[in-house]
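Enquirer: Residue-level listing of the chains:
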Amino acid sequence: MAEFRVRRYDGFRSYWQSFEVPAKRGMTVLEGLYYIKENLDSSLAFRASCRMGICGSCAVKINGKPRLACETQILFLGDKITVEPLENYRVIKDLVTDFEGFFAKHKAVKPYLIRKDENYEEPKELLQTPEQLNEYYVFTLCIKCGACYSVCPAASTLDSYLGPAAMAAAYRFCADSRDEGQRDRYEVVSSSQGVWRCHLAMECSEVCPKNIEPAKAVQMLRRSTAFSILRGILGW
Amino acid sequence: MGISGWFKLGGRSVFSWAFTFQRLTGIVLLIYLLAHLTYLTSLLDKTGATYESMISLTVSRQFLIFDLLLVLCGVFHGINGLRIIIHEFGFAHEYRKPIIAVAAILIVAVWLYASYVMCSLTGG
Ligand code: SF4
Ligand code: FES
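Residue numbers (my numbering), protein chains in the order written: chain Y, 1 to 236; chain C, 1 to 124.
Pulled out of the complex, with its shape left as it was, chain Y reads as follows (with noise of 0.2 Å):
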């Protein structure tokens, strides 16, 4: 039997409430949520679909930690087991908190390719080496997961700084080298809600569950706007 822990939240009140739940080898947490959910109480609210480290859903803390409750095992926790909602985002029930501003982030850096000459009635193939693709791929397996901003110090005292994931977003399309919308991605990034207000804590790149290092996307999308505005300053 492993103890979970829950920190519930009614939209008036928050509060801790134990659960029992029968641990098996291999059991995720997540498993231990639904347990509760279908057995001990159906109020229980939290998110989750692909239940295999794919859609970023359960992101929960996890014994004061953000994880994906769907990949972390209960066993390997202990018989003891805390379940908070993120941080950094409002709660709406239990732990389900609220995404919009987070997902309205990453709709903000234009993630997706731009390209000045978009033919849909004559579509070409963009070639890239392998080499191309190194630079931008380890960015691609961010899964949305949100736990990189919910740890962010920057994140916590100003609600519109864009975060690393969106950051992380931004730099992966920048990098790629079939993309021509950089100066857009630029524009926005490079504002006081951008890359210049990284401390540089880097816990967003120590909990990343795909370990995709924001805290390095955030700096080299840095980089590159420093010289993108050094470049606009000397005419280049």
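Calculated from the structure, these hints are not laboratory results.
If we take Cβ atoms under 7 Å as the criterion, some of the chain C residues that face chain Y in the derived model are:
hint, residue
1, Ile3
2, Gly10
3, Gly11
4, Phe15
5, Phe19
6, His87
7, Phe89
8, His93
It should be emphasised that the depicted structure is a prediction, and the values quoted were computed from it without experimental measurement.
Just so you know, even glycine gets a beta-carbon here, dropped at the ideal spot from N, CA and C.
Using the hints provided, position chain C with the ligands relative to the given structure of chain Y.
Expert: Below, chain C with the ligands without anything else, positioned relative to chain Y:
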């Protein structure tokens, strides 16, 4: 979460600890700078009496512990600041763990040496 987000240490890695202490030592150094400037304005008293009375209070063996802590703040802020500068613009992120370990060793070594010098100067 507001400013308390700067001081969250539970469940966080050594990098967040370094971030928090960078902020705290920055605040301490700022307060010290203001106190220092206030101190210097005492020189406006041309007789030097005000300055002398303040000096006799703060440059003493009883105050040494505060001086040592102040030096620790300065050493931490400086060396940790250099560590952050190394990583600026995306450099050496893969080596951040050995780099922070080296920075920690340097901080302790420099502080111990500075403490030794200061203790010897005050006749300790
Ligand atoms: S960068 Fe990592 S922690 Fe942040 S949203 Fe993407 S996968 Fe999650
Ligand atoms: S349920 Fe999809 S990542 Fe966990």
